[in-house]
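J.: My request is simple: use the sequences and hints to build the entire structure.
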Amino acid sequence: MMALILIALVTLASAAAAMLLRNLIHSALLLTASWAGLAAFYLWAGAEFVAFAQVLVYVGAISMVVLFAVLLTRPPQPMPVTPPNTLGRALVALITGGAVLGVFIGAIVSSPLPATAAPAPTVSVKQLGLELAGRHAGALLIVGALLTVALLGAVVLAATDREPVGASLDDVRGRPPGTPLQKSGDAP
Amino acid sequence: MLGSGLLSGLAVTAKNLVGSFHDPARLTTVEYPEQQAKLPEAYRNFPFLVSENATDPMGTLRCVACQICEKECPPQCIYIEKSKDKKPDATGKLQLYPAIFDIDTSVCMSCQICVEVCPFEAIKMDQVFAIATTDRFDALLLKREQLAKPNAYYHTIHPTEAAEVDARLATERKAAAEKAAAAAAAKAAAPKPPAPPPAA
Amino acid sequence: MNADSILERGPLLVRDWLVSFLPEPARWLAGSLLAITAVIVAFASLFALLTLIERKVLARVQNRPGPNRVGIPLTKIRLFGLGQPLADGIKMLTKEDIVPRSADRVLHFLAPVALLAFAILTFAVIPFGRHLVPVELEAGVLYFFAAGAATELAVFMAGWASRNKYSLLAAMRALAQLISYELPLLLSVVPVVMLAGTLSTTGIVERQGGWTFGLLPQWHVFTPWGAAGFAIFFVAALAESNRSPFDLPEAESELIAGHLTEYSGFKYALFFMAEYFGMCALCGMGVTLFLGGWQAPLSFLAFIPSYIWFGAKLMTLLLAFMWVRATLPRLRIDQLTRLAWKFLVPLALVNLGVAAFWSLSADWTGAVRLTRWLIAAMLLAGPFVLLGRKLTAGLAPRIYRYAT
Amino acid sequence: MEPLEQLHARLLSAFPGAEISIVNNPGPAAQHSLLLPAALAREIAFFLRDDPALRLDYCSNVTGIDWLKAGHIEVVYHLYSMALKHGPVIIRLRTANRTDAVTLPSLTPVWRACEFQEREVFDLYGVVFDGHPDLRRILMWDEFKDHPMRKDYIEPDDYEWEPTPHGAIHDKAKAHYPAAVTPAEGAAKP
Amino acid sequence: MIASDISPLASRLSSGAHTRAVTDPFHGDLLEVSMGPHHPSTHGVFRMQVTLDGETIVKLKPVFGYLHRNHEKLGESTSYLGSMPYTDRLDYLNSMTNNWAYALAVEQLAGQPVPERAEYLRVILAELTRLLNHTCLAGFLLQDCGCSGTPLMYAFREREKILDLFEALSGSRMMCNFQRFGGCRTDASPEWLAAAKQLTDGYGAFLDEYERLITGNEILMARTQGVGALKPDLAISAGITGPMLRATGVDYDLRKVDGYGFYPRFEFRVPLGDHGDTYDRYMIRVLEMRESIKIIQQAFATLPAGPVMDPKAKLRGFRPKPGEAYGRIEGPRGEIGFYLVSDGTPNPYRYRVRPPSFVNLTLLEDLCLGHTVADAVIILGSIDIVLGEVDR
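Chains as they are written, first to last, in our numbering: chain B, 1 to 188; chain S, 1 to 200; chain Y, 1 to 404; chain U, 1 to 190; chain L, 1 to 392.
Each statement offered as a hint is correct.
No farther apart than 27 Å at their CA atoms in a straight line, the calculated lysine-lysine pairs in the BS3-like style are these: (1) S:K71 x U:K174; (2) U:K69 x U:K145; (3) S:K71 x L:K314; (4) S:K38 x L:K197; (5) L:K321 x U:K151; (6) U:K174 x S:K82; (7) L:K73 x U:K151; (8) U:K151 x S:K71; (9) U:K69 x L:K321.
None of these hints come from the bench; they were simulated from the model.
T.: Rendered as structure tokens:
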């Protein structure tokens with residue numbers, strides 16, 4: 001039980017910190033830490049295969065996508081400052097927060113938690129593999145395609161939003177534009 | 001086939017790796033303080049003044065302070081001051097000698113032009129290269145006393161060259177001695193015929 | 001093949017004897033702690049030795065003796081250079097650790113730590129001997145690559161935290177290289193897992209036991225798909241551990257020391273330790289997957305304990321790494337990624353197909369077995385030549401004319 | 001390769017009214033040269049490069065010479081032909097004087113080889129080449145004021161002490177560091 | 001009528017080689033990187049002010065002058081003989097060819113004859129220097145490509161053997177100061193000639209091993225073929241000489257064109273490249289080494305006896321008659337020339353050095369545009385500059 005609480009604390013703390021910190025890179029890295037926390041949950045639950053897949057996919061690859069996206073995208077124009085009628089906004093925030101909280105608590109209460117932790121189902125990696133490649137092959141491929149599309153979309157979005165400002169090459173070269181450097185071998 | 005160039009390159013390095021254990025040509029390092037490579041005879045570093053014998057280096061310097069080397073030295077690093085008095089050199093002729101003969105080894109580039117232009121075989125190139133000092137200025141300014149080394153030392157570092165120089169000097173001195181003797185004989189013979197002038 | 005000779009079970013007996021002093025619940029914890037310390041001590045001393053061997057091999061290739069001066073101070077004893085790693089260690093410890101003012105302190109400190117942590121994690125599943133597996137995992141290979149995948153994160157942190165033009169440029173290069181070589185590395189391992197039928201490393205090594213006609217060991221490397229897989233694995237491992245033809249990030253002739261420019265003192269040493277651990281782990285995994293782990297090469301040599309065989313194979317692979325480093329020039333960043341995406345990945349996919357054919361034709365017997373070998377080899381040689389020709393289009397040694 | 005006199009005659013006929021003269025080289029090397037007027041220099045250079053009989057397409061060397069007594073700075077170009085592999089044609093351009101009128105037409109548009117060497121003549125002699133694509137100092141640092149290779153250049157006095165025991169360097173160093181007395185100096189009373 | 005079309009650089013760039021419009025430099029898309037003067041691969045104190053757009057080079061400004069000792073001003077205040085040791089310091093890797101170029105110029109200035117044996121000895125020493133320089137270059141170029149020192153060590157192992165020969169002959173490995181006006185300072189002893197002959201006979205084997213190590217290497221071919229290609233007409237106009245020019249296919253070797261120093265007596269070929277890129281420049285130098293070995297062997301075979309120094313040559317008080325002379329020879333890096341104006345005094349009135357690497361640098365920017373930083377390092381390496389000669 002101690003381990004579960006510890007893992008939960010780490011995951012929640014890093015997720016919260018990821019949201020609160022101003023430095024974008026720090027929050028991206030903390031997000032990765034919270035994914036690692038999720039992997040620890042799986043390990044605690046005994047599902048090694050899922051835990052290692054989680055680490056491999058999320059901490060290995062998706063964190064890279066997030067970091068590259070942070071690096072490539074331009075800082076957006078400053079957000080328009082909203083008018084300060086804090087009472088109205090606070091009310092709306094409270095209601096939505098409360099509704100989400102209610103749903104969670106309802107789900108936790110209604111799910112029949114057995115007194116002792118149920119014995120982990122002994123599923124060998126081989127059976128998992130057969131299941132995945134068998135009945136769920138379609139789902140696997142779709143998820144893969146989805147991820148690739150998301151990745152490419154991020155890159156395209158990042159690349160196009162850097163609209164080039166026209167500047168002829170000579171300005172850059174520091175030579176007053178138009179002074180010719182005689183092309184060799186040209187007849188006058 | 002792709003990669004054959006890489007493999008032939010790897011083969012060469014492997015041959016060198018194995019070769020370095022048995023083939024002396026493949027292990028060329030001379031570990032300096034313990035092993036010392038033999039210097040070729042023509043090797044030259046800073047100049048030194050040749051003195052006839054080791055017992056009295058200052059007395060028997062060949063240098064006659066003619067200051068040709070001082071003029072010809074490209075970086076001008078030689079400083080000579082003539083002596084006021086004269087002293088007999090190897091052939092007994094009275095010659096000047098350098099009162100001060102400084103070489104600033106921080107400026108000298110061992111180009112050996114002073115040796116070529118010296119008509120008296122008085123300055124030769126040494127083979128000393130491990131001469132580190134702590135003081136940047138004065139210790140690198142070698143005085144006449146530090147520069148003078150005997151002819152025997154010259155024979156040890158440049159044997160063939162020293163032998164030639166000695167042979168040439170010997171013939172010159174013999175010729176000079178015969179000329180002097182002939183002149184002395186002629187002078188001795190000449191005063192006899194005319195009557196000695198009255199002892200006024 | 002006495003599996004449990006005294007030598008074979010020696011390390012386990014020692015561990016059980018040590019653990020027996022403790023009460024029951026702490027035994028498991030003490031046992032695993034002992035295993036961890038054993039692995040770290042072994043590979044840390046191997047790291048020290050490797051830096052010396054690397055410099056000695058590089059020197060001997062270049063016709064010079066290599067470091068042989070560091071000895072016991074104030075005496076003439078010179079210890080054949082074994083004092084060198086000690087001297088380097090002390091130097092690294094005593095060097096001043098400069099952190100640039102504009103650097104992002106937290107990340108700057110965390111980068112080497114994270115890199116080293118992930119590198120050490122990967123040792124958990126490598127079977128060093130018949131009974132010497134730190135952690136017996138059912139999905140061992142997946143765990144290995146999961147732990148290895150996080151090194152990119154640490155390299156990015158190092159490059160970004162130094163706030164230095166060179167290190168940022170180099171961090172981007174390093175990431176491009178690591179990501180583009182992750183794929184061939186994994187794809188070259190898939191046929192092994194497919195043929196061995198299990199993800200657990202000990203299972204893979206057990207399947208490579210036995211010798212055909214008593215002489216030829218049944219290691220994966222002696223099958224066509226195994227040889228191709230091992231070649232791809234070797235090249236990808238070189239790239240993953242930033243070794244010679246791919247040591248682009250710290251290409252000293254261009255960007256001074258890549259993402260390590262702003263590191264000095266012990267953090268710099270940590271980076272190197274992490275690089276060597278990463279190299280040892282990848283070589284260990286290469287040995288496990290392709291070279292038969294701790295299996296003996298010949299049947300009558302099986303009396304030698306298994307961890308000796310694993311050590312010998314690991315050392316030969318490490319020497320091959322150094323041999324390549326001493327010889328080959330470096331690839332440019334675009335050639336490097338083109339090699340990965342346009343040559344290694346397609347070849348690995350073809351290798352997957354050949355492995356499938358190999359497993360389907362497992363029951364061919366007699367003379368047909370030779371044709372099975374030939375077909376597999378042809379299936380591999382074709383794409384190899386075609387892709388190779390496309391990769392080196394327009395590059396060939398030239399014939400030169402002479403002025404009349 | 002035609003003799004210089006014939007080339008001189010052809011040039012005079014090609015560029016009527018231009019005063020081109022032959023400068024005789026008294027030394028045994030006998031490499032005589034052509035003195036070109038500054039105004040038509042570039043046209044004559046194009047002619048030398050593109051004339052089918054000459055084809056002097058390679059400008060090997062550009063040198064500045066400071067004739068102090070004659071009162072002008074001279075720029076000498078050694079031209080060779082790589083196409084026809086024949087010997088040097090040497091042309092000389094002279095500035096009006098050594099002080100203000102020191103501009104000459106740049107021949108970089110004719111031969112790209114002159115780009116760096118003309119910048120060096122500008123840097124060390126102060127000859128301004130108009131039409132040069134990138135006229136900056138090439139060897140000295142940009143803030144350097146004077147032109148060091150001129151005969152009347154005065155060395156700056158920011159001198160680092162040199163123990164060389166004698167000669168002009170010693171005197172200058174002693175003047176610069178009157179206080180510092182070295183044993184050598186003490187012994188050698190000039 | 002000044003030619004009005006645009007410069008070769010801009011035209012090549014706008015012709016699609018690099019069409020992306022460059023964003024305004026102040027918005028930070030262009031990375032201004034200064035490589036040098038203290039940089040591991042710039043062969044001396046040489047700086048390249050590089051403007052990078054991502055990895056490709058958009059602008060490259062070479063900056064040198066850090067090693068400027070005003071060699072020519074010194075020449076004017078020293079006697080003719082006094083400048084000879086200073087010429088060792090021009091191209092400090094090949095002092096023998098510098099000395100010969102200077103001696104040749106002064107001999108033309110003073111009309112000083114040179115005995116045959118001295119000319120043969122000069123040819124042998126110049127070709128040995130060419131071997132030494134090209135071996136060095138091959139080592140440096142591959143060091144820049146990233147081989148961790150191995151080819152460089154092999155190159156330096158062979159170079160040391162040649163330098164030992166120079167030390168045994170002239171007294172110093174690199175600062176030989178060996179030529180005089182009218183011949184060589186000392187004669188080559190029979191033992192020296194035997195040692196030199198044995199070295200050149202064994203050099204072919206070293207070159208074979210070296211080519212096996214590097215020339216067919218796919219990575220090197222990928223890194224150097226097509227990198228920094230140079231067209232012949234641009235090379236001629238820019239005054240490029242030496243192996244860099246012959247790599248573009250222009251047949252211009254001073255040993256054949258000027259025929260100085262009895263070169264016409266020796267039978268050797270001049271290799272020419274077709275693409276003028278870095279690979280050609282490297283291979284031309286390796287082939288030239290093989291030709292140099294042939295020349296040395298022929299020179300040994302026909303070395304005449306006789307004096308090494310013209311008896312009437314004056315060592316001191318050397319006053320050439322007023323006049324001027326421009327002497328040039330084919331140095332390992334290209335044409336090295338000395339232009340001397342004499343006014344009858346012991347010191348030259350004007351002492352000018354025409355260094356090959358200084359002029360060969362003219363096209364550094366043209367070759368590097370559009371390539372990456374890694375290529376710029378290799379292109380600079382293949383141009384083979386030495387800063388003592390560039391800055392003088």
